[in-house]
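Participant: So the protein lines, in turn, are chains A and B. Be aware that the first sequence starts at 11, since it is given in the working numbering, and climbs by one per residue. Be aware that the second sequence starts at 2, since it is given in the working numbering, and climbs by one per residue.
Don't take every hint at face value.
[As the list claims (entries may be wrong)] Here are the computed lysine to aspartate or glutamate pairs in the EDC-like style, where the Cα-Cα straight-line distance is at most 16 Å:
1) A:292 / B:92
2) A:285 / B:22
3) A:285 / B:27
4) A:302 / B:12
5) A:302 / B:109
6) A:292 / B:13
7) A:285 / B:109
8) A:273 / B:115
[Unchecked claim] Some, not all, of what chain B presents toward chain A, calculated at C-beta under 8 Å:
9) 16
10) 59
11) 71
12) 74
13) 89
14) 90
15) 96
16) 106
17) 113
18) 116
[What the hints assert, rightly or not] Far from chain B by the CB rule (all over 10 Å, computed), these chain A residues:
19) 40
20) 44
21) 63
22) 121
23) 126
24) 137
25) 151
26) 245
27) 294
These aren't lab readings, by the way, just hints derived from the structure by calculation. Note that the structure is predicted; figures quoted are calculated from it, not measured. We put the CB at the ideal spot given by N, CA and C, even for glycine.
The lines below spell out each chain.
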Amino acid sequence: MHTNNISKFWAWLIVALAVICLAWALVGGYLDLLAWQRSPQDLTWRQWLGWSLFLRGVGLAAVMGTLVGWIILRRRLDRQIDVMVEACHSMALGEPSPLPDAPQGLQDMGRLSLAIQVMHEALLDYLNLYRRFFDAAPDMFLSLAPAGQRILDANTAFCRTLGLLKDEVLGQPVERFVKLDKGWDRALSEGGELITGQIKGPGGIIRVEASISLEGGPGGQPWVLGAILRDVTLRDALYSELLQKSTALEKALEEIKSVEELKDEFLTTLSHELKTPLVSLKGFLQLLRQGKASGDQSQNYLEICWRNLSKLETQINNLLDLARLSHSKEQYSLEPVDLASLVRTSAENLQAAAAERKVKLDVSRLPGGAVRVMGNHGKLVQLVDNLLVNAVKYNKENGEVRLDLRGEGKNVVLKVADSGVGIDREHMAVIFNRFYRADLSGTGRLEGLGIGLSLVQEIVKLHNGDIRVESEPGVGTTFTVTLEAAP
Amino acid sequence: MNRPLILLVEDDEDIAALYGDVLGGEGMEVVLCRSRSQARNWWQRTKRQPNLVILDVRLPDGNGLDLCCELGEMGSGHPHPPVLVLSAHGDPRMPVLCKQAGASEFMDKMEGLDKLLGNVHKLLP
């Protein structure tokens, strides 16, 4: 039977008994009174008063006794209920508080206590199941207060990520720890998707992906219940790395295509550059062989053949040198070389070709004496020749090539400056690339094999030197070569 | 009787001298132009239409095939002379490109003087 019903039963029983006792006293007194009136001679008024008082006294005593008993029972019940309520409150707060045994005479309350205890333990088991699930999750789980978005509960993963104790987290606004890229207000208004954000942990910024649980609050406003956060730092880093690699691969593919195009262009150019002198050689030799040339003509034809043969030899040597220098530099020994004398000789050799193009070679800044560097004589001749030939080739009519050579500390610096067409900023980075050829006239016509400056750079590397270029389109270009001075 | 007039557009000095000597030896009159612009100017000024044009593909100020198209477009009141295009290019697409540009014949310079003379005689009207 329910406890409330038990109390009511006893209450009604006590009241009924009291009423019966009172009624009995009154009815008894009244009957006695009637009996006394019928035969007053049988009973004196004293006797009647005695009986009446006695009977009423008994009735009142019975009523009083019943009331006192009820009060005592009621107080014991109240005490027991208070104890049980207090124990339930403690249990609700999660404090260990076993319900007390019921006192003697209140066994029904004892059963009630037991039932509460069993229910409490069942709830605890249920709660523990969710707690374990909550705390074992690698993702971060947050339970939030709907209105203020304060943290009601957080799992171990969240506290561990922040490097804080749970007590330091609970009750705090979630925005203090979790910054969503679009902000919490917008995230709550839009909802329904994964939202990116970040958490500041002890080891730095952690990128997260948040899934927010919402429900309709009062007035239809979204009402947040909680959030699940996933650490996507590694995934983002991998994605970023993948993106970088993909971009690098695309770039490499472009470069390969560009190299393929360059290779095709180079083969066409090589064919042209090697075949052009060969055409002259073959043709003039054919005329000589067929005896179709007079004496003077023969000499002229032979000169032309010789010149073209030399041109071929230079082209082939440049190509072979470039290939050799790129693969092995050990075979070239370095020894003291007088660079001043070498530059003067190269300038003198180029004087005729420069005059033909109406370009002045200014050697006035070259020192009169020797300026010695550690180098390979043959390669240094190639280096200087290539720089001078370029300076003349890319010059304007009535232009000038200025040569400057000086010692600077442990180094020797050679400058070759021309007043030519200059190099556009966009081409500066590629002029030393193999097979790059400059557009001389702006018509798209490209001269030579495009190996001159590449060869120059390889020779500078062979000498552990440095080469720099400064240029202004339409004004001119200056190449500065720094080499180690001979001791 | 006028000697056949040949316009030779060739930038390489030695090859130009070679072809000039060879064609001259065959009794032809050769006008040498070293660039596209020089050839264009000569074409506009000349009173005598050449009987044959020999063009090099790589010129200092442009492409010989473009010049071939230009000469066709410029006109001179006379029938367009045949054009022989020469190149040391080694580009296998060149014969097709030459035909597209309106040239009559293409030959690789390396094919030699006999082939050159054969083509010249074939193309001369």
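Participant: Hint by hint, say whether it matches the structure.
Facilitator: Hint check:
Annotation: proposed proximity of residue 292 (chain A) to residue 92 (chain B) is violated, straight-line Cα distance about 20 Å (limit 16 Å). The hinted pair formed by residue 285 (chain A) and residue 22 (chain B) fails the criterion: a straight-line CA distance of about 20 Å is larger than 16 Å. The suggested pairing of residue 285 (chain A) with residue 27 (chain B) is violated, with an alpha-carbon distance near 25 Å, which exceeds 16 Å. A hinted pair counts as satisfied when its Cα atoms are at most 16 Å apart, and residue 302 (chain A) with residue 12 (chain B) does not qualify at roughly 24 Å.
Taken as a hint, the residue 302 (chain A) and residue 109 (chain B) pair is broken in the structure, with Cα atoms around 23 Å apart against an allowance of 16 Å. Restraint check for residue 292 (chain A) and residue 13 (chain B): the C-alpha separation of about 15 Å stays at or below 16 Å, so the hint holds. Only pairs whose Cα atoms come within 16 Å are accepted, and residue 285 (chain A) paired with residue 109 (chain B) is accepted, the gap being roughly 10 Å. Our distance criterion of 16 Å between C-alpha atoms is broken by residue 273 (chain A) and residue 115 (chain B), whose separation comes to about 33 Å.
For residue 16 (chain B), the shortest C-beta to C-beta distance to chain A is roughly 5 Å, which falls under 8 Å, so the interface hint holds. Taken as an interface hint, residue 59 (chain B) checks out: its beta carbon lies about 6 Å from the nearest beta carbon of chain A, inside 8 Å. Interface restraint check: residue 71 (chain B) against chain A, minimum CB-CB distance 14 Å, threshold 8 Å, status violated. At its closest, the beta carbon of residue 74 (chain B) sits 19 Å from a beta carbon of chain A; the interface hint therefore is violated under the 8 Å criterion.
Evaluation of the residue 89 (chain B) hint against chain A yields a held restraint, the C-beta minimum of about 4 Å falling below 8 Å. Of the supplied interface hints, the one on residue 90 (chain B) holds, with its beta-carbon coming within about 6 Å of a beta-carbon of chain A, less than 8 Å. Contact between residue 96 (chain B) and chain A, as hinted, is not supported at the beta carbon level, the nearest pair being about 15 Å apart and thus beyond 8 Å. Restraint check, residue 106 (chain B) versus chain A: the minimum CB separation of about 17 Å is more than 8 Å; hint violated.
Interface hint status for residue 113 (chain B): upheld, as the beta-carbon distance to the closest one in chain A is roughly 7 Å, under 8 Å. Interface hint status for residue 116 (chain B): violated, as the beta-carbon distance to the closest one in chain A is roughly 11 Å, over 8 Å. Under the 10 Å C-beta cut-off, the non-interface status given to residue 40 (chain A) relative to chain B holds; the minimum distance is some 144 Å. No beta-carbon of chain B comes within 10 Å of the beta-carbon of residue 44 (chain A); the shortest separation is about 149 Å.
Listed as a non-interface residue, residue 63 (chain A) keeps its Cβ farther than 10 Å from every Cβ of chain B; the least gap is roughly 146 Å. For residue 121 (chain A), the shortest C-beta to C-beta distance to chain B comes to about 105 Å, beyond the 10 Å cut-off, and the non-interface label holds. Distance check on residue 126 (chain A): its Cβ is at least 97 Å (rounded) from any Cβ of chain B, clearing the 10 Å threshold; non-interface status holds. Listed as a non-interface residue, residue 137 (chain A) keeps its Cβ farther than 10 Å from every Cβ of chain B; the least gap is roughly 82 Å.
Interface exclusion of residue 151 (chain A) from chain B stands, the closest Cβ pair being 69 Å apart, more than 10 Å. Remark: the non-interface label on residue 245 (chain A) is consistent with the geometry, its nearest Cβ contact in chain B lying 50 Å away (cut-off 10 Å). The claim that residue 294 (chain A) lies off the interface is violated: its Cβ sits roughly 6 Å from the closest Cβ of chain B, which falls inside the 10 Å cut-off.
Going down the numbered hints, you'll see the structure goes against 1, 2, 3, 4, 5, 8, 11, 12, 15, 16, 18 and 27, while the others check out.
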